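Visitor: Chain by chain, the residues run as shown.
Number of protein chains: 2
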Amino acid sequence: MEGFNLELSDQPESLEQILVDCRDTLKYGIRTGHPRFFNQLSSGLDIIGLAGEWLTSTANTNMFTYEIAPVFVLMEQLTLKKMREMIGWPGGEGDGLFSPGGAISNMYSVMIARYKYFPEVKTKGMSAAPRLVLFTSEHSHYSIKKAGAALGFGTDNVILLSTDERGRVIPADLEAKIIDAKQKGYVPLFVNATAGSTVYGAFDPINEIADICEKYNLWLHVDGAWGGGLLMSRKHRHKLNGVERANSVTWNPHKMMGVPLQCSAILVREKGILAGCNSMCAGYLFQPDKQYDVTYDTGDKAIQCGRHVDIFKFWLMWKAKGTIGFEQHIDKCLDLSQYLYNKIKNREGFQMVFDGVPQHTNVCFWYIPPSLRGMPDSDERREKLHRVAPKIKAMMMESGTTMVGYQPQGNKVNFFRMVVSNPAATQSDIDFLIDEIERMGQDL
Amino acid sequence: MEGFNLELSDQPESLEQILVDCRDTLKYGIRTGHPRFFNQLSSGLDIIGLAGEWLTSTANTNMFTYEIAPVFVLMEQLTLKKMREMIGWPGGEGDGLFSPGGAISNMYSVMIARYKYFPEVKTKGMSAAPRLVLFTSEHSHYSIKKAGAALGFGTDNVILLSTDERGRVIPADLEAKIIDAKQKGYVPLFVNATAGSTVYGAFDPINEIADICEKYNLWLHVDGAWGGGLLMSRKHRHKLNGVERANSVTWNPHKMMGVPLQCSAILVREKGILAGCNSMCAGYLFQPDKQYDVTYDTGDKAIQCGRHVDIFKFWLMWKAKGTIGFEQHIDKCLDLSQYLYNKIKNREGFQMVFDGVPQHTNVCFWYIPPSLRGMPDSDERREKLHRVAPKIKAMMMESGTTMVGYQPQGNKVNFFRMVVSNPAATQSDIDFLIDEIERMGQDL
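In order, the protein sequences belong to chains A and B.
Heads up: the first sequence begins at 70 in the numbering used here, then just goes up one per residue.
Heads up: the second sequence begins at 70 in the numbering used here, then just goes up one per residue.
Errors might be hidden in some of the hints.
Identical chains share a label here; the pair holds if one copy fits it or two copies do between them.
[What the hints assert, rightly or not] Straight-line C-alpha distance at most 16 Å; calculated EDC-like pairs for lysine to aspartate or glutamate:
(1) Lys412 to Asp500
(2) Lys460 to Glu507
(3) Lys214 to Glu189
(4) Lys193 to Asp225
Think of the hints as simulated: they come from the structure by calculation, not from any bench.
Note that the structure is a prediction, hence the values are computed from the model and not measured.
Build out the structure end to end from the sequences listed, making use of the hints.
Guide: Structure representation (structure tokens):
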């Protein structure tokens with residue numbers, strides 16, 4: 070905050086000062102488009118996507134009605150259909166919306182599941198339903214728990230499923246926990262299977278989970294916020310085998326597909342249920358006596374009223390790259406991760422968090438500084454190792470050379486989580502990252 | 070869809086075709102920035118705001134952590150504080166977030182109120198609370214009902230308050246309905262007072278409502294999505310008198326203040342409650358051992374995970390216009406509405422929906438075609454009049470000259486709702502609208 074006057078005042082600034090402010094904003098910001106920015110699942114800066122976003126802001130309109138966003142509404146319909154085709158729903162039938170991020174898309178899935186089985190909750194509230202429980206992996210995104218809290222289920226009723234060493238749900242554990250919940254008199258409602266977990270990049274076994282959901286008549290949601298993009302790749306889409314059996318899918322093109330923030334879709338197999346769940350039929354906005362087919366008005370399907378135009382940049386990128394362009398993008402990022410994995414799996418000073426080739430671009434590892442290499446496992450060593458990644462990350466941020474995330478997971482102390490979603494990254498950027506970690510960490 | 074190939078294919082398009090697509094998208098789109106576009110509460114195209122949005126998309130980052138959006142996070146903090154000062158909360162203390170639209174901001178207010186009085190709902194679900202009821206005006210935005218449905222209260226427990234002929238809540242009706250609910254054994258929780266209703270532009274009497282909320286210990290939310298901007302005007306801010314007594318306020322700069330879509334704030338008087346309500350403490354994102362003060366990380370306050378950068382365009386506009394610039398913008402739009410009102414209140418063929426000078430820029434009126442002017446009130450006349458506004462609107466859309474909304478309200482048949490939020494509009498645009506309605510409606 071030094072040297073950058075953020076304060077707002079009564080009087081206007083000069084245009085010169087506004088330009089200085091713009092320069093300073095970029096100067097002190099983080100270059101998320103840089104090929105050595107590996108800190109988030111969303112990275113890169115696609116130039117066509119950026120142009121699309123610029124046009125979107127120039128159009129400055131709203132997705133709720135066809136009458137003020139005719140082109141964007143049609144683009145959204147058509148793109149969602151294409152995504153449903155890639156999921157494998159017959160004829161691309163179904164419904165969907167672009168929503169403000171994966172957490173909201175996941176929240177939609179829980180709302181729709183509740184409406185499917187207990188539609189009276191919409192009018193009478195949760196007291197009209199028995200005690201409902203939701204199931205999701207201990208490695209899944211925290212938005213399922215957030216949805217549980219927000220929607221009135223309670224986080225105690227979001228039951229966490231055990232995973233194998235690679236972070237994938239163990240189907241037998243799901244079935245055991247369903248049976249357990251039923252024995253307690255609770256009503257299992259919803260299972261979230263993650264396609265590409267945040268930390269490990271794990272893909273839950275969707276087909277086995279779908280078998281159990283069918284057996285017990287539960288809603289199956291696939292959270293493919295991070296992994297959904299792999300559906301564009303003939304080489305990698307098998308990791309989502311069974312996704313066509315899901316009732317709903319979250320898929321964020323702003324992550325693995327490099328679309329500028331924000332661009333997240335909730336896709337639903339059953340047509341009409343999204344509107345059934347959310348419609349309030351506000352007369353002032355959705356007049357039935359308009360001169361066009363009002364089924365093109367999307368506002369009453371959403372929990373929002375106004376909805377940002379997130380479709381155009383994605384549609385334009387798809388036009389410009391073609392499906393094969395996205396496939397190349399995804400294959401390239403996965404190849405780069407494989408390159409990183411191969412380079413460090415047996416390298417001195419690096420230790421993988423789990424064995425085997427990563428399923429997604431996530432590569433999870435500890436950097437072990439020379440001072441800890443000979444030390445046997447102990448609480449002291451674990452505490453010291455826990456502090457290594459934060460220290461290296463702090464040095465990265467001070468020097469501004471690269472940026473990568475770290476976190477603990479379960480009983481595992483802080484480790485680095487490397488991800489690649491920017492197709493501008495190259496092998497030399499990966500080499501640089503390894504060198505930088507070794508350079509910064511050698512004296513810790 | 071004729072002559073514009075929206076289909077997505079496997080192969081990329083040429084750059085020339087992409088440019089054609091961009092041109093077509095704008096060509097077939099709606100010019101929401103045109104001074105004769107009066108169809109929505111959000112209109113206009115502020116050039117500094119647009120530049121801000123372009124810079125935002127170039128920065129392509131995410132509000133959830135300080136480490137990847139340091140400048141934007143500070144701008145958000147500072148701007149929200151400034152907004153809280155304008156509300157009148159001592160020292161601008163409190164909390165808040167920019168959210169994806171007023172409906173979500175209103176949803177936050179209901180969630181926070183529930184957390185304040187029944188924090189155990191977060192973990193145990195709605196079954197841990199008694200039957201809770203929410204109160205909002207029959208003229209209020211439908212998002213309060215939507216929040217009731219989504220959050221598990223049920224729309225039956227959203228009790229609609231009666232209004233006077235101007236669409237303002239009758240405080241005595243609120244108190245009667247609170248007493249009635251208590252007698253039935255329900256627990257009143259939350260009252261929404263609207264500052265600028267969607268159709269009439271009505272301001273509920275906040276002070277009188279606040280008295281009742283204090284008496285019965287209820288959460289008071291002010292939905293100022295539309296009317297909040299009037300706080301910037303010394304001349305008009307009295308319409309929100311009492312807003313400083315609210316527990317939470319929704320205020321959308323993307324409406325009356327002309328900030329590009331989307332820009333909506335939820336502001337909360339009590340510090341800490343927003344995080345208490347929504348935090349899940351996800352270790353992979355919000356590490357407590359970062360090298361900076363992690364209270365700057367905002368992600369755990371939100372129901373979203375990733376959050377779009379909505380602050381920069383607003384901050385930049387505020388810098389460029391100063392508070393007095395927003396004041397001039399607002400005063401000008403209200404003057405224009407007054408001009409319209411004065412012009413049509415006694416004009417042949419026009420009939421006001423309610424008497425008196427509008428409180429906001431909303432001017433609600435029927436156009437009575439010559440064929441209906443002599444006809445006494447009857448079902449037939451009402452049915453005919455109901456079809457006039459849709460027909461004129463359809464003609465406007467065909468000819469592309471202007472655009473204004475219509476809707477029925479209660480037992481009132483379709484009428485026009487004129488609003489002005491674009492400071493580029495002038496008296497001649499208002500004159501044009503009146504002429505256009507007369508020209509298009511004369512033979513109906």
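Visitor: Now tell me, hint by hint, if it's right for this structure.
Guide: Evaluation of the provided hints:
1. Lys412 to Asp500: within (9 Å within a copy, 72 Å between copies)
2. Lys460 to Glu507: Result: close within a single copy only, 12 Å intra versus 72 Å inter.
3. Lys214 to Glu189: Between copies only: 15 Å across chains, 23 Å inside a chain, cut-off 16 Å.
4. Lys193 to Asp225: Result: close only across copies, 6 Å inter versus 22 Å intra.
Hint compliance for this structure: no hint is broken.
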